[in-house]
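Add chains B, C and D to chain A, keeping to what the hints say.
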Amino acid sequence: MTSHLMPPLALTLVDIGRILSLAVIAGGLLWLFLRAIKRKEVERRVIFLFIFVSVVAPILFPTVFQEKATPIVKDVFDKIESLPPGSVVLLSYDFDPAMAPEVQPMADAISRHCLVRGLKIIYMCLFATGQGQFTSTLENVIKPEFPDKVNLVDYVNIGYKAGNEGVLNVIITDFKKMFPTDVDGVPYDSIAVFKGIRSCKDLDLVISIGGGKPGIKEWILFVGDPGNVPIASGVAAVVAPLMYPYYPAQMLGMLGGIKGAAEYESELVHHYPQFKNSPTPALLMMGPQTLAHLVIMAFIVIGNILYLLERKKGRKR
Amino acid sequence: MKRNVPLAITFIVGAVLIFSVFIPPMENWGEDFTLFFDIIAVFAFFLGGGNLLRVHLTKLSRRKQDWPYSIVTIMGFLLMLAAGLFRIGNPGDINASLTEQGSLFQTIYDSVFVPLGSTMYALLAFFVASASYRAFRAKNREATILLVAAFIILLGRTPLGTIVTGWVPESFSILQIPNLAIWIMNSPNLAGQRAIMIGIGLGVVSMSLRLILGIERTYLGGDDK
Amino acid sequence: MKKTTLIIMAGVTVLFLLSWIIKALALEGMQEDYIKKAFLVTFSAFLTLSILSFLYRDNPFYKFAEHLFVGVSAAFWMSMGFWSTIVGNLIPRLSQNLSVFFKVHYIPGDFNFRFYIPVILGLLLLMRLSRNYGWISRWSLAFIVGTTAGLNFIRYLRSDFIKQISATFVPLLVDWQGTGHFFSNLDLSASGQLVMMLANWTIFLGVMSGIIYFFFSKEHTGMFGRASRFGIWVLMITFGASFGYTVMGRISLLVGRITFLFRDWLGFNI
Amino acid sequence: MRYILIIFSLILITFSAVIGQVDPVVTDSLAPVPAPPAPVTEVAVSDKANDHGHALIIEWKRSLDDGAGSNAVMLYEIFRSEFPDSAFKMVGSVPLGNERFEDIGTIEKESRDYIPDNTNLYYRVDAVTIDPVVRTSSEVYGPVQSYSNWFHKGRVPVLTAVLIFGALMVYFVSVARKGTELYVRPLAGIAAVDDAIGRATEMGRPILYILGLGTADMISTIASFTILSRVAKQVAEYQTELIVPCYDPIVMTVAQEVVKSSYLDAGHPDNYKEDSVFYITTNQFAYVAAVNGIMLRDLPATNVYMGKFYAESLILAETGAVAGSIQIAGTDEVGQLPFFIVACDYTLIGEELYAASAYLGREPIMLGSLKAQDYAKAAVIVLMILGLLAINVHLNAFIEIFKVVD
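Residue numbers (my numbering), protein chains in the order written: chain A, 1 to 317; chain B, 1 to 225; chain C, 1 to 270; chain D, 1 to 406.
For the record, the hints were derived by calculation from the structure and aren't laboratory data. Keep in mind it's a predicted model, so treat the numbers as computed, not measured. One should not assume that every hint holds.
[Claimed, not checked] PhoX-like, lysine-lysine: derived pairs with alpha carbons at most 25 Å apart:
1. C:K63 with A:K213
2. B:K139 with A:K313
3. A:K276 with A:K79
4. B:K59 with D:K260
5. A:K68 with A:K201
6. A:K195 with A:K161
7. A:K176 with D:K260
8. C:K218 with D:K178
9. D:K273 with B:K59
10. D:K153 with B:K2
11. A:K149 with A:K276
12. A:K161 with A:K201
13. A:K177 with D:K89
14. B:K64 with D:K273
15. C:K63 with B:K64
16. D:K273 with C:K163
17. A:K213 with A:K195
18. A:K201 with A:K213
19. B:K2 with D:K61
20. A:K312 with B:K2
21. A:K143 with A:K195
22. A:K177 with D:K178
23. B:K139 with A:K38
24. B:K64 with D:K260
25. A:K40 with B:K139
26. D:K260 with D:K273
27. C:K63 with B:K59
28. A:K38 with A:K276
29. B:K64 with C:K218
30. C:K3 with B:K64
31. A:K143 with A:K38
[Unchecked claim] Footprint (simulated), chain C over chain A, 3 or more residues, beta carbon under 8 Å:
32. 171-178
33. 285-291
[Unchecked claim] Cβ-Cβ distance ranges computed for the label pairs, FRET-style:
34. A:E43 with B:N4: 33 to 43 Å
35. C:F111 with D:A87: 23 to 33 Å
36. C:G180 with D:L389: 42 to 52 Å
37. C:K36 with B:R62: 22 to 32 Å
38. C:R229 with D:G198: 26 to 36 Å
39. C:K36 with B:N28: 47 to 57 Å
Glycine is no exception: its CB is placed at the ideal position from the N, C-alpha and C atoms.
Just chain A, same shape as in the assembly (with noise of 0.2 Å):
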């Protein structure tokens, strides 16, 4: 998946596919380019077509962009990146199986970060059915990737309680009153992540991964700004822009979408070369979507090429 690190020379299947689709693409707009100067307009299939290979080929040849992180995005991995080991991290998972496609790799993400730099997470969600997107992380992120990391130790999970931000006003001043156990019932005091824990106040971040209500504004208005505790967010990508106003005075960063997955996911391989084999979704995603983005707006440009042209020689006659 991750071929583009391999040696130029040996080109695999995928590599040709690659190859052979972007020269495809890049030919098919290079034709329509000088159909367009020839002031021809094409056949709306044409188009069509485009679209189709240039979704279906990244889905089949994956392709992965580098991505660099924009600053909103930079802050979240910075601040991870500045804590000291054995500080702890809280990991709310406020979506369900519907938001995953979306927000599920930040989470995962996310989570290999703050495990390699050997910062402590608290797993909780907001959502009745975060619990099951939980075991997708347990799965396929900390068991494989993390062998030696030990539940209660280095992470635990809490799990869910019902009453939205209810919860997040009682977490504020005390955590044991709401979680009173693990979710498999160990009790909070023989927990040792929660050692020196009694309420958020004492987290060193607090990280709300969804996309609806409750979320990640509950978790500013009823935790941050009361607590002062640092908060960051991954959201989907149609809460993203409502979240703006608070960043970066009641918030420090956000990943928007799966554009600032995608990112996230990069910045990580870029520090940790250690992931590079790691399945990286979001940045996977960003292949279509790069691809379709850009043929879009090569046909914007070339339509108006088109269009001027045209209207030049109709003022000419």
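Same frame as chain A, but now just chains B, C and D:
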């Protein structure tokens, strides 16, 4: 009877609901009326089903263009009705969920309804592209502004935005395309949305008032005779 | 029918059967009713491709899918509406006997007879099918229109009107610490003071000129006309931005369908 | 029987032994049973304001052992009774640190959490430790009554807006009735409709009118009916074919009436064909699939989209463009406006759709209401400027006026 009774009904119902907002003991009326509305809507679905049958049976009997396809519609309709309304192929009791995994209804839903619906929806990806080729043209100043805004956002949402303008120093970072895209979403976009919203809000309010007062009555049709 | 049409039909049928068999062989041993499962996956893929074929041009496969979709969906909503609203919400409030029959929990209440109102109105609505008494369905319509007019009136006035106005009260001087401070820290950083202030100015002027554009009873000339022109520009930026922003979501939909075709149907490991 | 007796006595012996001997030891080895905490004080109960009754608010001063003292209090439990000294029933609990609880009941007498109005009620609050048995009750507060309010004070701004707007409307409608000429700015989209009908006639091709996905009660759909009636009138005069596929069965019945009476008004009732307005299905994409088919098969000269549209807007408009139709759209669904604006020839933006229907009606009453709307908009602008000034000089009292209590 044909005109005055409906106008009176609209007036009374509308006025009562407006008052109920300011008078707490009437608060639940709004909820009730919404529930009534839902129930009437189900009757409307039956009306629709009857109409569908009528349209396609007419097509069939008059052998209109493409009439064989009407058989497909009628068969699909009857099959789904059998599975849904009469619970054929639905294991479990009368109070079992209609969407139980493995029931005929759910099977049709999963393997006919979902692929058809989501593929129709996915056609949008193609049409977005063809619209941007065909119609996104700088015909005048307004169209150009629209085009440029769209272009910046498109660029800002992909790695290309960072690649093209990533070199811009921090003190000019608003000129980095991704930041510019965000700024557009947050300021002019917000302003435009809000202006339209206020206008629509006013329009709805005044139309509602006209309806309640019986000034606007096109919805009743015309023939008084 | 034309000869080519027949050939294409036959070809598709063969491909369909082939896909069914291959899929069944692939699923054999892994799932219980693999023959049925293989058929369903193949059929879903067939419908998906039929709809996509519309992009080329209108054709019998699209017509088939379209007509099937229309029939199935009409019955879908009838069934869902009946079981969830009539059985779920109405019957428990109307009749104990029917509640027992449908095995739903009866909700007793003093004023439950009020739920006969929607039943009567619903039946009046069905009178529409009659030629002579169709007009009586207007009574139900009047009720529906009155209800939403009443509800909308307040709802819009409150959330789209009053609240939106007060949301536009923004400080025009963000973080103001004096002119000297402002000029010494002047830059175009995305989180800088100037950009923040510019944002608030844009919001205020944008909303105002946008509203001016929607003035209908005054000619758009002079100063007023200029403001209205600025308003339409702001609106155009809004539309362009939403267009650009939506593209990503639309592409994701297609990615979803293509993943279905290649992974669930053709069995690619992606 | 004998065995049972033996076992029973054995159990008794063991039990008494445990109680007699072991019990004190056990208490010592485990965490000590907390001492009963200090009670809450100053319990006060009042009726909840601005509601329909059946709800009260309980407030108190927290126990001295809550977050201080012996730190023993974990939560507070609130009890209610209709008698001062008995039959107390727990109605809720809140964690420590809280000093307020809203006891909100239902109106329905049969319901478990029914709270009677205008009846004497008594409340008490218990401070509860980690061991639910160890607790201290407060003094009983009461009697207190819940009652309903006849006016929602939090909604005064809304009422003010209603009254002002209503007055404006009534005034301008009466002005218009007197025959004063009111100017209305021409809308490009409306003029285009007339041209497009002429074009369809020339080409001998039908006109497709889409009312959108709205139901008959939506304002945009109602506005669309008015425009449809105008279109139908002209179509009847020119004797062009009109196709109106409907998404909602009620909308269809109304559309039928509207079209029929327009043909009647135009003096061509015999040209009206019953099946020109027909129902397709109430499912977004199935409807779109069918309309797409109609566009490519019947090749309408003009497509008019007026009403509520969602994601299908672009599918329709692009397919229409393929069929080579002139397209005129209007919707109040902000999210879909960009697509119509890009893909159609003319688009009525948001409020313009409503204005168009008033404009086409040409009745003085409609124009009067447009004028009232414009005055309301002017008021908005004035208020916005005032609010801006207020917030920049920190005059919060002005902003408070706009606070709407839900």
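Quick one: which hint numbers does this structure break? Sort them smallest to largest.
Violated: hints 1, 5, 7, 10, 16, 17, 19, 20, 22, 28, 29, 31, 32, 34, 36 and 37.
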